[in-house]
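Using the sequences provided together with the hints, build the complete structure.
Protein chains in written order, with this note's numbering: chain R, 1 to 144; chain Y, 1 to 664.
Just so you know, the hints here were simulated from the structure itself, not pulled from any lab data. Don't take each hint at face value.
[Unchecked claim] Lysine-lysine pairs mimicking DSS-like chemistry, simulated, CA-CA at most 30 Å apart:
no.: 1; chain 1: Y; residue 1: Lys171; chain 2: Y; residue 2: Lys228
no.: 2; chain 1: Y; residue 1: Lys664; chain 2: R; residue 2: Lys135
no.: 3; chain 1: Y; residue 1: Lys528; chain 2: Y; residue 2: Lys402
no.: 4; chain 1: Y; residue 1: Lys528; chain 2: Y; residue 2: Lys465
no.: 5; chain 1: Y; residue 1: Lys571; chain 2: Y; residue 2: Lys228
no.: 6; chain 1: R; residue 1: Lys7; chain 2: Y; residue 2: Lys221
no.: 7; chain 1: Y; residue 1: Lys664; chain 2: Y; residue 2: Lys106
no.: 8; chain 1: Y; residue 1: Lys268; chain 2: Y; residue 2: Lys339
no.: 9; chain 1: Y; residue 1: Lys402; chain 2: R; residue 2: Lys119
no.: 10; chain 1: Y; residue 1: Lys298; chain 2: Y; residue 2: Lys339
no.: 11; chain 1: Y; residue 1: Lys378; chain 2: Y; residue 2: Lys423
no.: 12; chain 1: Y; residue 1: Lys378; chain 2: R; residue 2: Lys116
no.: 13; chain 1: Y; residue 1: Lys199; chain 2: Y; residue 2: Lys282
no.: 14; chain 1: Y; residue 1: Lys234; chain 2: R; residue 2: Lys116
no.: 15; chain 1: R; residue 1: Lys119; chain 2: Y; residue 2: Lys109
no.: 16; chain 1: R; residue 1: Lys119; chain 2: Y; residue 2: Lys664
no.: 17; chain 1: R; residue 1: Lys7; chain 2: Y; residue 2: Lys257
no.: 18; chain 1: R; residue 1: Lys135; chain 2: Y; residue 2: Lys653
no.: 19; chain 1: R; residue 1: Lys7; chain 2: Y; residue 2: Lys664
no.: 20; chain 1: R; residue 1: Lys116; chain 2: Y; residue 2: Lys257
no.: 21; chain 1: Y; residue 1: Lys402; chain 2: R; residue 2: Lys116
no.: 22; chain 1: Y; residue 1: Lys573; chain 2: R; residue 2: Lys7
no.: 23; chain 1: R; residue 1: Lys116; chain 2: Y; residue 2: Lys109
no.: 24; chain 1: Y; residue 1: Lys460; chain 2: R; residue 2: Lys7
no.: 25; chain 1: R; residue 1: Lys116; chain 2: Y; residue 2: Lys528
no.: 26; chain 1: Y; residue 1: Lys378; chain 2: Y; residue 2: Lys257
no.: 27; chain 1: R; residue 1: Lys116; chain 2: Y; residue 2: Lys282
no.: 28; chain 1: Y; residue 1: Lys407; chain 2: R; residue 2: Lys135
no.: 29; chain 1: R; residue 1: Lys119; chain 2: Y; residue 2: Lys171
no.: 30; chain 1: Y; residue 1: Lys228; chain 2: Y; residue 2: Lys573
no.: 31; chain 1: Y; residue 1: Lys221; chain 2: Y; residue 2: Lys664
no.: 32; chain 1: Y; residue 1: Lys234; chain 2: R; residue 2: Lys119
no.: 33; chain 1: Y; residue 1: Lys298; chain 2: Y; residue 2: Lys268
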Amino acid sequence: MQVTEYKPKIVAFCCNWCSYAGADGAGSARLSYPEEVKIIRVPCSCRVNPMFILRAFQRGADGVIIAGCHPGDCHYTSGNYFTRRRMALLFSMLDYLGIERERTRVEWISAAEGAKFSKTMTEFCATVAALGENKRLEDLRCKK
Amino acid sequence: MQRIGVFICHCGTNIAGTVDVKAVAEALSHEAGVVFSTDYQYMCSESGQQLMREAIREHRLTGIVVGSCSPRMHEATFRKAAAAEGLNSYMVEIANLREHVSWIHKDMKEATEKAIILGRAAIAKVHLNAPLQAGESPVTKRALVIGGGIAGIQTALDIAEAGFEVDIVEKSPTIGGKMAQLDKTFPTLDCAACILTPKMVDAAQHEKITIYAYSELEAVKGYIGNFKAQIRRKARFVDETKCTGCGICTEKCPMKKAPNEFNMGFDKRGAVYIPFAQAVPKVATIDADYCLMLKNGKCGICSKVCGAGAIDYKQQDEIIEREYGAIVAATGFNPIDAKVYGEYGYGTCPDVVTSLELERLMNAAGPTNGTLLRPSDKEHPHTVVFVQCVGSRCTETDERGKPYCSKICCMYTAKHAMLIREKYPDTDVYVFYIDVRTPGKNFDEFYRRAVEQYGVHYIKGMVGKVTQNGKQLRVQASDLLAGEQLHINADLVVLATAIEPDKTARSIGTMLTASMDTNDFFTEAHPKLRPVESPTAGIFLSGVCQGPKDIPETVSQASACAAKVIGVLAKDKLTCNPCVASSDELLCNGCSSCEKVCPYGAITYTDKEFRGPNRTTLIRRVASVNPAVCQGCGACTVACPSGAMDLKGFTNKQIMAEVDAICK
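Okay, structure coming up:
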C-alpha cells in the first residue's frame, strides 16, 4: 500500500500593504515555508468577507489564515480593527460548528517581517496538519 | 467568455530554476478560456512585452495572466503593455511565481504544482475581471516637510527652487536639527554651523517656504495630491510677528534654572530663551514649565523690557489647517539613552559623556567656549577613552540596544579623536572598537590619518566596565588582538551611542499611514529602486528617518526626495486608483452600515427615485460612493448586509473564484 503524506490545504488572505509585502520579503530572503500555503491578495484584511472563509472550508480547505498590518499601522487607518472584531466572532461560530479554533487564525505581519511570515506559516501548517483533514462544512458535491 | 493569454516568465533562472515553467504553461493552456499560453525568459523585458503585445493582437485576447515576480514589482509594467495594445489595464492579473513559489520552495515537483494552482486562481479571477476606468484628481501644488533638520531644509529648498510652495513643520523653536549642535563635520572638518546656518537663512528667506517652528503635526487626512493637515502651533507666549530676536528678555529673565537642551543640559538657560544665536526663526520662546509669570502670575520682567511688545502671556496653542499635494517625513533621529548601559557609568559618573555631548563640549559656541574640560571639575582631560558601538550591532539577546549599525559613529569618533589630538597634543586618546567601518568618499583616508598622523590608539575590543576611581575613571577593557585585559585610568570616557528614530516618528507614521520597520525607521517602497518613497502614495522619506545616514548621504537623499515630490507637484492631475467600492442601488437598503465603517467619509446617502409596481414611484435612501475619495480598502463591502457594496478589481465573485481554484 502506498502511503502518501497528508498535505493540508491552506488559504492565506494577505493584505496588499503589509502581509503580502511581508510574504514577498520572505521570498526575497529565501525563507521557506510549506508549499501548502496559497496566498490570495486583498487590498486590506478588512476586505475578507466571512463568506470567503466559509467558502474555503466548504471547498475543502483545512485551514484559513488572515494576515494584516499591525494594529495601528493599517494602510487604511482602521481596517485591521474591523478584521479583528469580525474574525473573533466568525471563528467562535466556526468553532461551534466543529471547525477547530486552530484551523483559523488572524496574524499581524508587517512588510518588514518576512521572517515572521515564514515562521507563522510554517507553524500554522504544522498545527493544521496535526489536526488532520477538515471534514466539517466540506460540501462533497463540490468534489468531483 | 474571455479569451485569456497566459505568459509564464523564467526570470532568468529565478523562477525556471525551481519551477518547470514549460509544464506550467502547458497545464494552464488547458484551462477554460485560455487560448494562448507560453513561457519566456524575461517577460518584463522589451522583447517579452513585445511578445505579449503580439499575442494580444493575434489571438484577440481579452484577459492576461502573467506568471512572474510579485505584482508589487511589475504589475504596472504589464498593465502598461496591455494598455498599449488597447486592452484595459485591469484585465491583467499576476500569479506571483517568484517571491511566493520559486524563491521559497526547493522541490521542483511541489513548486511546479503550486505554480499551476496559483496560475489557475489568477485565470479564475481574470474570467470575472471587468475593464476599469481610472478617474483623475487635482493636485494641490504645495508640499509639507515634517522636520526642519538638514534633511528637511534641503528637501524644502530644492522643492521651492523648482517653484512650488513648501511648509516646514518643526517641533522645536528653531530649525537646524541635530546638525546645528555639531562642532566640525567629517571628512573635511569644516564647521557644521558654517555650512548649515546659511541654508537655514536661505530657507527662511525663500518666498516659497513657510516655516512653522515650534509646531507639531496634529492630524493628516486625504491621499496623494490632496492631503489636509492640521498643524498645532504651540504657544510660544511671544508674538512671532513682533519679536525682533534682540535677546534682551533672555538676558533679563531672572529664572535661570532651565537646563539648556541645545547644550545637552551642560548649562542653564532662562525661562524665556532663544536656543542659539543663529536660530531660525530668531524669536524668543517662553518655557511654560519654568516661567514664573505663567506658573505663579508673578514677575513679568520680559514683558517690561521687550521694546517690541511681543510678549503675550495669554497666547494659546493654535491649530491651522493646510492643504498639500505631497508630504515628506524628515523626522530625524536621537541618540539612545546611554543610561541603559549601566556598566559604562553614564548618569552616575559625570565624566562619562555621549558623543553628542562631546560635540557641545568642543563647540566654540558651547558651554565651555570650545575648550575641552571635564564636566566634573572643569579640568583639562589628559586621557580620553572612546567606546564604540554602545547600543549598536546588538544581538537578539541584548534588548537594550539596536540590531543595526548606526553607521556614523566610526567616522565621528575618528573626527573627535583627531580634533582632540590636534588641539591638545598632550592628551592620550584610546578608541575601543569591534570593527572600524569607513566606507565613503575620503572616509578611510580620514580614519587612517587619525591613526597614522595623529597617533590615536585604536584597540580592537570592547570595554567591559567603567568605574569612578577617585578623580579618575577606571576603564576595564579587553584587547582582542593582544589577547589581554587592559586597565586604563581615564579622565574622560566618550560613548558612541547608537542612534534611533525620533520618538515622534511612530505617531507621525501612523498619521501618514506610512509603514515602518521594527526599529521605527520608515520603510521605503523598494529598498533599491524606490529608496525615497514610502509605499503609501504621496509620502516621501528624507534623511535618517529612513535609516542611519551621515550628512553627505542625508543631503543627497533629501535632494532625491525633493525630485520625487516635484514629480508629483508638477502634474496637474493624478490618475486615481479605479479599484474602488461601488454600491448596487437596487440591492442597497439604506442601512448606513457602510457609511459608519468608511475611514474616508467617501460614502454618502441620497434619496433616489425608483420605479415601483403599477407605475408608481418609490423614493429610497441609497448609498453612493465618491470614487475620488474612496481608497479601496473594502471595509464597507463586508459591512454591507445586503451584498450591495462591492469592490472593483477585488469583487466578492473574483475572490471566491480564487478560493475555489485554490481549494480544488
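Quick rundown of the hints versus the structure:
no. : hint                     : result
1   : Lys171(Y) with Lys228(Y) : holds, 19 Å
2   : Lys664(Y) with Lys135(R) : holds, 15 Å
3   : Lys528(Y) with Lys402(Y) : holds, 23 Å
4   : Lys528(Y) with Lys465(Y) : violated, 40 Å
5   : Lys571(Y) with Lys228(Y) : holds, 18 Å
6   : Lys7(R) with Lys221(Y)   : violated, 46 Å
7   : Lys664(Y) with Lys106(Y) : holds, 23 Å
8   : Lys268(Y) with Lys339(Y) : holds, 22 Å
9   : Lys402(Y) with Lys119(R) : holds, 22 Å
10  : Lys298(Y) with Lys339(Y) : violated, 37 Å
11  : Lys378(Y) with Lys423(Y) : holds, 17 Å
12  : Lys378(Y) with Lys116(R) : violated, 51 Å
13  : Lys199(Y) with Lys282(Y) : holds, 14 Å
14  : Lys234(Y) with Lys116(R) : violated, 41 Å
15  : Lys119(R) with Lys109(Y) : holds, 23 Å
16  : Lys119(R) with Lys664(Y) : holds, 26 Å
17  : Lys7(R) with Lys257(Y)   : violated, 71 Å
18  : Lys135(R) with Lys653(Y) : holds, 24 Å
19  : Lys7(R) with Lys664(Y)   : holds, 14 Å
20  : Lys116(R) with Lys257(Y) : violated, 49 Å
21  : Lys402(Y) with Lys116(R) : holds, 18 Å
22  : Lys573(Y) with Lys7(R)   : violated, 51 Å
23  : Lys116(R) with Lys109(Y) : holds, 26 Å
24  : Lys460(Y) with Lys7(R)   : violated, 52 Å
25  : Lys116(R) with Lys528(Y) : holds, 22 Å
26  : Lys378(Y) with Lys257(Y) : holds, 20 Å
27  : Lys116(R) with Lys282(Y) : violated, 49 Å
28  : Lys407(Y) with Lys135(R) : violated, 55 Å
29  : Lys119(R) with Lys171(Y) : violated, 40 Å
30  : Lys228(Y) with Lys573(Y) : holds, 17 Å
31  : Lys221(Y) with Lys664(Y) : violated, 43 Å
32  : Lys234(Y) with Lys119(R) : violated, 46 Å
33  : Lys298(Y) with Lys268(Y) : holds, 21 Å
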